[in-house]
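A.B. asks: Sequence:
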Amino acid sequence: MRWLVTGAAGMLGRDVVAALDGADVTALDRARLDVTDADAVDAAVRGHDVVVNTAAWTDVDGAETAEAAATAVNGTGPANLAAACARHGARLVHVSTDYVFDGAATTPYAEDAPTAPRSAYGRSKLAGERAVLSTLPDAGYVVRTAWLYGEHGGNFVATMARLSAARKFLDVVDDQRGQPTWSMDVGTRLVDLVRSDAPAGVYHATNSGETTWFGLARAVFAHLGLDPARVRPTTTDAFPRPAPRPAYSVLGHAGWARAGLPPLRPWDEALAAAAPAVLPHD
Numbered sequence: 001m002r003w004l005v006t007g008a009a010g011m012l013g014r015d016v017v018a019a020l021d022g023a024d025v026t027a028l029d030r031a032r033l034d035v036t037d038a039d040a041v042d043a044a045v046r047g048h049d050v051v052v053n054t055a056a057w058t059d060v061d062g063a064e065t066a067e068a069a070a071t072a073v074n075g076t077g078p079a080n081l082a083a084a085c086a087r088h089g090a091r092l093v094h095v096s097t098d099y100v101f102d103g104a105a106t107t108p109y110a111e112d113a114p115t116a117p118r119s120a121y122g123r124s125k126l127a128g129e130r131a132v133l134s135t136l137p138d139a140g141y142v143v144r145t146a147w148l149y150g151e152h153g154g155n156f157v158a159t160m161a162r163l164s165a166a167r168k169f170l171d172v173v174d175d176q177r178g179q180p181t182w183s184m185d186v187g188t189r190l191v192d193l194v195r196s197d198a199p200a201g202v203y204h205a206t207n208s209g210e211t212t213w214f215g216l217a218r219a220v221f222a223h224l225g226l227d228p229a230r231v232r233p234t235t236t237d238a239f240p241r242p243a244p245r246p247a248y249s250v251l252g253h254a255g256w257a258r259a260g261l262p263p264l265r266p267w268d269e270a271l272a273a274a275a276p277a278v279l280p281h282d
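If you count the sequence shown from 1, position 102 lands on 102 in the UniProt record's numbering, and the numbers rise without skipping.
Think of the hints as simulated: they come from the structure by calculation, not from any bench.
A portion of the hints provided could be inaccurate.
Pairwise CB distance ranges, derived in the manner of DEER restraints [unchecked claim]:
no.: 1; residue 1: ARG265; residue 2: GLY153; range: 29 to 37 Å
no.: 2; residue 1: ALA222; residue 2: ARG46; range: 44 to 52 Å
no.: 3; residue 1: SER196; residue 2: ALA238; range: 38 to 46 Å
no.: 4; residue 1: ASP49; residue 2: ARG167; range: 45 to 53 Å
Listed next, the in silico SDA-like pairs over lysine to any residue satisfying Cα-Cα at most 25 Å (straight line) [what the hints assert, rightly or not]:
no.: 5; residue 1: LYS168; residue 2: ALA238
no.: 6; residue 1: LYS168; residue 2: THR234
no.: 7; residue 1: LYS168; residue 2: ALA158
no.: 8; residue 1: LYS168; residue 2: PRO233
no.: 9; residue 1: LYS168; residue 2: PHE239
no.: 10; residue 1: LYS168; residue 2: ALA116
no.: 11; residue 1: LYS168; residue 2: ALA275
no.: 12; residue 1: LYS168; residue 2: GLY62
no.: 13; residue 1: LYS168; residue 2: ALA79
no.: 14; residue 1: LYS168; residue 2: PHE156
no.: 15; residue 1: LYS168; residue 2: ASP237
no.: 16; residue 1: LYS168; residue 2: PHE214
no.: 17; residue 1: LYS168; residue 2: THR212
no.: 18; residue 1: LYS168; residue 2: THR188
no.: 19; residue 1: LYS168; residue 2: ASN155
no.: 20; residue 1: LYS168; residue 2: HIS223
no.: 21; residue 1: LYS168; residue 2: LEU224
no.: 22; residue 1: LYS168; residue 2: THR235
no.: 23; residue 1: LYS168; residue 2: ARG232
no.: 24; residue 1: LYS168; residue 2: ARG130
Note that beta-carbon positions come from the ideal geometry of N, C-alpha and C, so glycine has one too.
Take these sequences, add in the hints, and give me the full structure.
C.D. replies: See below:
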């Protein structure tokens with residue numbers, strides 16, 4: 001198979017390319033492929049069998065005042081890729097987000113749970129999902145993930161590690177629940193999904209289990225050999241942001257049975273495995 005990875009310079013994109021080591025891969029970053037340019041997308045997709053789209057507008061707060069720009073990347077971009085894949089007979093794996101849900105649930109969101117985004121970012125990502133699923137009903141995969149951290153690029157885990165050296169105490173939100181997820185685990189799973197010939201549709205790629213940002217921060221401190229009690233719990237109201245944050249971002253994983261694949265490993269096991277790469281060390 002010939003693979004095309006878009007957004008290949010990003011945190012997840014780089015991990016997808018790494019997971020494809022030894023495969024025939026074209027890795028295009030934003031400078032080499034603007035997914036909002038339909039003609040450029042068509043030319044890039046031609047000759048490939050599988051496209052993995054990790055290109056995205058990820059500035060959640062910025063999208064509140066630039067929704068059209070966010071939707072161009074997160075909605076029109078996937079639509080362009082899906083249309084090109086349909087023309088050239090390629091499969092498309094498109095990465096989406098927990099923000100397509102309202103965050104008001106108390107049990108994990110199933111893959112077919114009703115969507116109801118509360119932010120401009122969530123609406124832009126839902127537009128991309130709908131474009132992929134409608135254009136490629138038999139060859140499109142929408143893979144939602146959440147709370148990503150990894151070796152490449154800014155993320156919560158790296159921020160906690162940096163702040164641990166600068167502050168005696170950190171106040172971290174304890175009323176938002178989710179699934180910390182290592183980007184390498186997701187990158188590997190996106191490749192496995194295609195290679196398993198799984199049915200098209202929606203999948204949730206998050207590490208199993210759940211915690212809060214406070215719980216994750218304490219786990220980071222523990223891996224750094226620091227006192228977790230230096231992390232103190234606080235509330236979302238203490239850190240007002242332009243875009244509303246989901247209070248509950250736990251995703252269900254029942255869909256993996258369709259692919260004959262297990263859910264991703266527990267988040268604490270993934271963090272332990274990721275620590276040598278993502279946390280500072282001597």
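A.B. asks: Each of the hints needs a verdict: does it hold here or not?
C.D. replies: Against the structure, the hints come out as follows:
One distance hint, 29 to 37 Å for the beta-carbon pair ARG265 and GLY153, is violated here, with the actual separation near 22 Å. About 49 Å separates the C-beta atoms of ALA222 and ARG46, a value consistent with the hinted range of 44 to 52 Å. A hinted range of 38 to 46 Å holds for the C-beta pair SER196 and ALA238, which are about 44 Å apart. Separation of ASP49 from ARG167 is about 49 Å and conforms to the stated range, judged on CB atoms against 45 to 53 Å.
For the hint linking LYS168 to ALA238, the alpha-carbon distance of about 19 Å falls within 25 Å, and the restraint holds. The straight-line distance between the Cα atoms of LYS168 and THR234 is roughly 16 Å, inside the 25 Å bound, and the hint therefore holds. Annotation: proposed proximity of LYS168 to ALA158 holds, straight-line Cα distance about 17 Å (limit 25 Å). The suggested pairing of LYS168 with PRO233 holds, with an alpha-carbon distance near 14 Å, which does not exceed 25 Å.
Taken as a hint, the LYS168 and PHE239 pair is honoured in the structure, with Cα atoms around 19 Å apart against an allowance of 25 Å. Straight-line distance between C-alpha atoms of LYS168 and ALA116 comes to about 39 Å, which puts the hinted pair past the 25 Å bound. For the proposed pair LYS168 and ALA275, the alpha carbon gap of about 22 Å is at most 25 Å, so the pair holds. For the given pair, LYS168 sits about 30 Å from GLY62 by alpha-carbon distance, which is inconsistent with the 25 Å threshold.
Only pairs whose Cα atoms come within 25 Å are accepted, and LYS168 paired with ALA79 is rejected, the gap being roughly 47 Å. For the given pair, LYS168 sits about 18 Å from PHE156 by alpha-carbon distance, which is consistent with the 25 Å threshold. The straight-line distance between the Cα atoms of LYS168 and ASP237 is roughly 22 Å, inside the 25 Å bound, and the hint therefore holds. For a cut-off of 25 Å, the pair hint linking LYS168 to PHE214 stands: about 15 Å separates their Cα positions.
At most 25 Å may separate the alpha-carbon atoms for a hinted pair to count; LYS168 and THR212 meet this at roughly 21 Å. Using a Cα cut-off of 25 Å, the hinted pair LYS168 and THR188 is violated, with the two alpha carbons roughly 37 Å apart. Our distance criterion of 25 Å between C-alpha atoms is met by LYS168 and ASN155, whose separation comes to about 20 Å. A threshold of 25 Å between alpha carbons decides the hint, and for LYS168 with HIS223 the separation of about 17 Å falls inside it, so the pair holds.
With a C-alpha separation of about 14 Å, the suggested pair LYS168 and LEU224 falls inside the 25 Å cut-off, and the hint holds. Straight-line distance between C-alpha atoms of LYS168 and THR235 comes to about 19 Å, which keeps the hinted pair within the 25 Å bound. For the given pair, LYS168 sits about 11 Å from ARG232 by alpha-carbon distance, which is consistent with the 25 Å threshold. Annotation: proposed proximity of LYS168 to ARG130 is violated, straight-line Cα distance about 46 Å (limit 25 Å).
Of the numbered hints stated above, those contradicted by the structure are hints 1, 10, 12, 13, 18 and 24, listed in ascending order.
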